[in-house]
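Given chain U, work out where chain F should sit, using these hints.
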Amino acid sequence: MLLEIRNLHASVDDNEILHGVDLQVRPGEVHAIMGPNGSGKSTLAQVLAGRDEYDVSAGEVLFDGRDLLEMAPEERAREGVFLAFQYPVEIPGVSNTYFLRAALNAVRKHRGLSEFDAISFLKLVREKVKLVGLDESLLQRPVNEGFSGGEKKRNEIFHMAVLEPRLCVLDETDSGLDIDALRIVADGVNTLRSPERAFVVITHYQRLLDYIVPDFVHVLLDGRIVRSGGKELALELESKGYAWLEHEAAAEARA
Amino acid sequence: MSEGAVSAEAQAPAAWLADLGEARLDHEPESVRAMRARGLERFSERGFPRPNEEDWRFTNVAAVARTRFLRPPAGIDTAAAGRALASAGLAHCHEVVFVDGRHVPELSSPGVPPAGVAVHSLARARPADWEAFGAELGRRADVVNRPFAALATGLFEDGAVIDFAPGAVVETPVHLIFWSSAHAQPTATFPRVLVRAGENARATVVESYRGAARGVTLVCPVTELVAEAGAAIDHYKLQHESLDAFHLALFHVEAGRGANVSSQTFSLGAAIARHDVQAVLGGEGAEVTLNGLYLVRGRQLADFHMRVDHARAHTTSHELFKGVLDERARGVFNGRIHVHPQAQKTDAKQTSRNLLLSAEALVNANPQLEIFADDVRCTHGSTVGQLDDQAIFYLRSRGIGLEAARSLLTYAFAADIVERTRVEPLRRQLQEFLLAWIPHGEVVREAV
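As you go down the protein sequences, you meet chains U and F in turn.
Each number in the working numbering comes from the position in the first sequence (counting from 1) with 742 added on.
Each number in the working numbering comes from the position in the second sequence (counting from 1) with 1466 added on.
You may find that some hints are simply not true.
Reference excerpt, derived from the structure (chain F facing chain U, CB under 7 Å, subset only) [to be verified]:
id	residue
1	1852
2	1856
3	1860
4	1862
5	1864
6	1865
7	1866
8	1867
9	1869
These are calculated hints, taken from the structure and not from any lab test.
If you're wondering where the values come from, they're calculated on a predicted model, not measured in any experiment.
Quick reminder that beta carbons are idealized off the backbone N, C-alpha and C, glycines included.
Looking at chain U on its own, in the form it has when it is part of the complex (with noise of 0.2 Å):
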């Protein structure tokens, strides 16, 4: 099992969001996780990658059979976790090229892999910048600053192919991109698929489930998972609505 999630508890602020979230992922598989807005999906995401501010209370989360939890953040990137963000943050100064060589050496250091030096790195970079038809121009800027949208979440893909992590979480990598920049980046992370690489894909919409083929879909709904089915699950949520399982969790509840 590359991860597995048990009875999860996170809150934030003292206020509860995941109630008990239960997930295992095997490598080279897909998972998609659906819900609507305030389900709990993105404190999810940002639990897994680490960020403090949630305070997990309960369950635990194993990652190749370790406590992810007890890692700090950048430990859990080195061991090959990676999180693709919703809202990619801008750092001004730090030009891209820079940080993900940085980023890189890193988590090679880690592996116990030698470090890039400058120039067998703009190789690599050149070659994995055409996988996201990201702009070249883009490397030197600094990181995500003035970015669009959909080069923001380009960006992310890029990163993602040069760190080449084992457990890939992509948290709505797919709001607020066109129909073109939503292909570029589904096709992106299609080439990245491989049979000792897992991903969690976060979504809202079922539209990007139409490019990157989940093996398991879940329904998140007020910090549970309520539903676990295959890809078929994701079309008859797109066309019941979230207020389907809703009512029916609702029904449980009162049972």
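Using the frame of chain U, we list chain F on its own:
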């Protein structure tokens, strides 16, 4: 002041002044002697600045008033001084070196200055030289409201006059190094600089104030820079003195019609560094850029007191000042912009950004706009804050360690100003200093 309530600072600085003696240069004309007298008189009458004065609220110079300073002893070990200040040198510059306030030709660049440049040491100036620049020296520096400029005007012993000929395009920067050695006793120097750029001259001047790592020194420089019509002058000032030093400076810049002056100040050393900057946009279309960076820790204090006067129409000023403060350091930014009634179409922008690396560090930022023309664009912005948590988390989520993330963001914040330096060896020197200064800078070095 009521009788009998004479505080330590208010004591007539007569005894303090007596330690420093008088200053008089060979051949200096009567007009300069009169100017010295006016400066000393002004300083004596007002005394040391006190914290109840608006301009000195956050910068207490009681320690200066309490310390007895002497002139540095004459006669230096040139070889030792040469070794000490080797690190201050900049490649590909014409260097003019002063040690303990006095010009040392043996340590300066040999030979004549680049074409279109004339450099004079004040102490060595001949009657004909005084004839040429005596009336200009001190003509602009305000000794009424700037107590240490008044003091320095009375007591200067040496300094440089640099003339750029009209139309000259001077590629080689002129680099003035003022080196303060360590002495058993606290010492004081009063470097004096006058830069005159003739019409359409293009040139670069660097002033470096450096010194031994320890040693109490008082350095009171007064620099006047005059850019005639159409001149384009790039000016840099580096203050990297002993952490026990007091650096109390006035920089006065005047830009004529269509002149363009860019000045960047880097304040890294000294216990107290006070930079009074006065810019006068005195001709239509004049443009002045004033940037600054200060890095302070421990109990260091860096104070920038800016006054920009838009005296003519269509003038532009840009100010960008950044500070990084660690431990219990303090920063002061006082930015006054004064737009005179005739200065229509003024475009003035002032930004002060300060990064606090510790909870004990403190910044007082105070913009002051005085606008007496109606068709102008004046903006100012000031921020004081810590590193952005979101940015730190973003970097960490990509595998960069917490300390490295903090270093990287701190470096980026400050490097923004360093990278605007067009004199490459100076830029490299500043980058090295920055990397050495910021906590865990070595991780940034690996990444660059």
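Please write out, lowest number first, the hints stated earlier that are contradicted by the structure. 1 and 9
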